[in-house]
Amino acid sequence: MYRDEYHPQVKHDVKKLPAQLRELIQTQHIPTLLAHPEEGEGLVGDLKGIWSYHFSFTSQ
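Residue numbering for the sequence shown follows the UniProt record's numbering, starting at 1 and increasing by one per position.
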């Protein structure tokens, strides 16, 4: 299991997101990435070894 660390600016940026999206990120996406970091897409070239994770959100 991995642990999460964030740049100090993240706290400020996350406050700008809709509450529903903040909840989704906190309860679904972060736990998924911490348990299974390979869920994302492996990058290539100079960025080999780094993973990118994407999701979409539609406000209801």
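Since the hints were made in silico from the structure, they are not lab data.
Take these hints with a grain of salt, some might be off.
To be verified - When the alpha-carbon atoms are kept at most 20 Å apart in a straight line, the in silico EDC-like pairs for lysine to aspartate or glutamate are as follows:
id	residue 1	residue 2
1	Lys15	Glu5
2	Lys15	Asp4
3	Lys11	Glu23
4	Lys48	Glu38
Each hint tested on the structure:
1. Lys15 / Glu5: 17 Å, holds
2. Lys15 / Asp4: Distance of about 18 Å is within 20 Å: holds.
3. Lys11 / Glu23: Since the Cα atoms of Lys11 and Glu23 sit roughly 14 Å apart, the hinted pair holds (cutoff 20 Å).
4. Lys48 / Glu38: 13 Å, holds
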